[in-house]
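Heads up: the protein sequence lines correspond to chains P and H, in order. Mapping of the first sequence onto this note's numbering: position 142 corresponds to residue 142, and the numbering continues sequentially without gaps. Mapping of the second sequence onto this note's numbering: position 80 corresponds to residue 1080, and the numbering continues sequentially without gaps.
Where hints are given, some of them may not hold.
What the hints assert, rightly or not - No farther apart than 35 angstroms at their CA atoms in a straight line, the calculated lysine-lysine pairs in the DSBU-like style are these:
| hint | chain 1 | residue 1 | chain 2 | residue 2 |
| --- | --- | --- | --- | --- |
| 1 | H | Lys1169 | P | Lys396 |
| 2 | P | Lys112 | H | Lys1169 |
| 3 | P | Lys396 | H | Lys1144 |
| 4 | P | Lys150 | P | Lys112 |
| 5 | H | Lys1169 | H | Lys1151 |
| 6 | H | Lys1007 | H | Lys1217 |
| 7 | P | Lys112 | H | Lys1144 |
| 8 | P | Lys112 | P | Lys154 |
| 9 | H | Lys1148 | P | Lys396 |
| 10 | H | Lys1169 | H | Lys1148 |
As the list claims (entries may be wrong) - In silico contact screen, one side only, chain P against chain H (beta carbon under 7 angstroms); selected entries:
| hint | residue |
| --- | --- |
| 11 | Asn9 |
| 12 | Arg293 |
| 13 | Val297 |
| 14 | Ser300 |
| 15 | Gly302 |
In short, the hints are calculated from the structure, not lab data. Glycine included, C-beta positions come from ideal geometry on N, C-alpha and C.
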Amino acid sequence: MILSIAWRNIWRNRVRSLLVIGSIALGLWAGAFVIAFAWGLYQNNIYDVIHRQFSHVQVHHAQFGPDMDPHSLLRENDTWTIAAEAPGVRSATTRLVVSGMISSPTMATGMKLFGIRPMEEALQTELNQVLMEGSYFPSNRKDQLYIGEKLARKLRVKLNGKVVVTFSDTSNNITAAALRVTGIYRSRNASLDERIIYTEHGTLATLLGVDGCSFHEAALLLDDSASLAPNVARLAAAYPAALVQTWKQLSPETDMIISSFDLYMYIVVGIILLALTFGIVNTMLMAVLERVREIGVLKSVGMNNRRIFSMIMLETLFLSLLGSPLGIVLAWFTIWWTGTVGIDLGMFSAGMSQFGFSAIVYPALEPSKYINIAVMSLVTALLASAYPAWRALQLKPVEAVRKI
Amino acid sequence: MNQANAKPATVIDAHELSKVYNGHQIPVRAVDNVHLHIEEGEFTAIVGPSGSGKSTLLHLIGGLDAPTAGSVILAGTDLTQLSENELIDFRLHNIGFVFQAYNLVPVLTARENVGFVMQLQGVPREEREARVRTLLEEVGLADKAESKPGKLSGGQQQRVAVARALASKPRIVLADEPTANLDSVSAANLLDIMARLNRDENITFLFSTHDQRVIEKARRVITLVDGRVVSDEIRQ
Ligand SMILES: Nc1ncnc2c1ncn2[C@@H]1O[C@H](COP(=O)(O)OP(=O)(O)O)[C@@H](O)[C@H]1O
Ligand SMILES: [Mg+2]
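Produce the complete structure using the sequences and hints provided.
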């Protein structure tokens, strides 16, 4: 009976109840979508970090370090070949890398020069796909250079223009080489574009004075993160003295963003629910104060406090039970739709790419998160209704009955 | 048989009952040292001008308000000794209320309003429905069972309220100016129904009024002035 009174009571002021239901639905919808959108951004970020930058696993000589000691070389051997073709490995490559200066007739600046195997690198980091101008290692010539658009502009060098790279070789001599810009790229990460340049592995090997099997860095791209552990183990066995690192270790900031995502989500949802709480408290308080006389009569005829309290709580519960599923279904649909077609951030992408985010975002939210949001909103609704319900208990029947 | 000779049970025994409101400046003695003894089967009116303390007295007797001094013993229970929740429960089983207006739950039909109290008492469904039907028939509203209060006239609403007050099989029905908002025909009609229930089913009624035509129907008239009982006459 109390259930049915509560249910009918919420329809006494249809507009007000619909407003509350609507705001609960809208709040949850917006909250869930914002979270899903952020998750989509993070996924892009992770994808870029793995597929364009670090791969899943990298191997360096233990002494290579952040200073990139040119002597700290490893060699491709039989165990590497086995590791590179192990199950779960999508592609593998090795690189030489030095830091030094790049100069054009007008300008000089710091750079990081990779000696890559173009075919393998294309599979590994899709380096060929960011080509803007010229070609991606078009010939067998030994002086090909692939540089970022920003750097090219800074150096005022055009396609087929010559630049000089300077760095120390393995004998600690300064080596300089004139290379020709055969390709200009623009990646999604503007800050890297300004520093990173690529030549062929063989070219850099010759300049450094090492052979074609030597490398500073090996990278393994895997089918999925489930194959991470066995492949890390295999590489560690292949190069016992070397440093084997996963992308999470190579990009700790990305890992941190992911692990703080839940916290971020709860903060966003918490703020929305806090706002909803005020709306619910206000509405239900109005509903209670409007019915002072009626509640007084109910108390007079023998409806006890527990029942009055339940009645008001149930009214709120009904509102949120109507609003929450509506909001969650709306959110689910919006997220499914935008998650399928993607949201093109083209108009903001100049800014976004600075932070390493891709331009098309696919919002996504795990099913368990929907449940969390639903539970949180339910708990909020109950807490929010407790105060108006408590106020209803404070009404003295005489005072209520005297109010005509 | 010898029931007529047996001494009727006492329903209300109020002693030295006072209620003082500490108003703005001077305390108001709304009920002032009232002694009241009501027996089963009475049909008693409390009369007096507006502000004489009729509502306050009924509220004290019904345990809606606590007296400043004195005691109310209703069907053997001292109301001043009960906690708030015990009072609510006591009212549920022993007292039927009819107020001047807005007695009914607006979202419930006449049938549901009457059944509601029995539901709070935990009366089984069949018994409840049968009793609701009987009560609505007694107040002449069997055909309005499915109407919400908003669709009933003031008189009809008060009749539903009387049926609701009787639903719990209370020891006494307290009615505070039940006819104040009614036209004279409806008022007479309501009083006739109450008088018939009193006569045929021995229901005890204590009601307040300042309507002369209503006063004429009472079998005992207690007059209040400034919270004091100034006369108490029994008519035959
Ligand atoms: N809550 C209250 N606070 C202060 N004074 C009150 C309150 N309720 C009633 N009174 C006063 O008590 C007196 C009796 O009121 P009431 O019992 O309502 O009289 P009646 O029902 O006979 O018109 C009046 O003077 C009224 O102003
Ligand atoms: Mg009054």
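Evaluation of the provided hints:
Taking the CA atoms of Lys1169/H and Lys396/P, the gap is about 25 angstroms. The hint holds against a cut of 35 angstroms. For the hint pairing Lys112/P with Lys1169/H, the CA-to-CA distance comes to about 95 angstroms; that exceeds 35 angstroms, so the pair is violated. Between Lys396/P and Lys1144/H the CA atoms are separated by roughly 32 angstroms; this keeps the pair inside 35 angstroms, and the hint holds. Our distance criterion of 35 angstroms between C-alpha atoms is met by Lys150/P and Lys112/P, whose separation comes to about 14 angstroms.
A hinted pair counts as satisfied when its Cα atoms are at most 35 angstroms apart, and Lys1169/H with Lys1151/H qualifies at roughly 27 angstroms. As the CA atoms of Lys1007/H and Lys1217/H are separated by approximately 24 angstroms, the hinted pair is consistent with the 35 angstroms bound. Annotation: proposed proximity of Lys112/P to Lys1144/H is violated, straight-line Cα distance about 91 angstroms (limit 35 angstroms). This hinted pair checks out: Lys112/P and Lys154/P have alpha carbons roughly 15 angstroms apart, not beyond 35 angstroms.
Of the pairs offered as hints, the one joining Lys1148/H and Lys396/P holds, with about 26 angstroms between alpha carbons and a cut-off of 35 angstroms not exceeded. Proximity of Lys1169/H to Lys1148/H is assessed by CA-CA distance (about 23 angstroms); at most 35 angstroms being required, the pair is judged to hold. At about 6 angstroms, the closest approach between the beta carbon of Asn9/P and any beta carbon in chain H falls short of 7 angstroms, and the interface hint on this residue holds. Checking Arg293/P against chain H: minimum C-beta separation of about 5 angstroms stays under 7 angstroms; hint holds.
Among the interface hints, the one on Val297/P holds; its C-beta lies about 6 angstroms from the nearest C-beta in chain H, closer than the 7 angstroms criterion. Interface restraint check for Ser300/P: the shortest CB-CB distance to chain H comes to about 5 angstroms, inside 7 angstroms, so the restraint holds. The closest approach between the C-beta of Gly302/P and any C-beta of chain H is roughly 3 angstroms, which is under the 7 angstroms cut-off, so the hint is satisfied.
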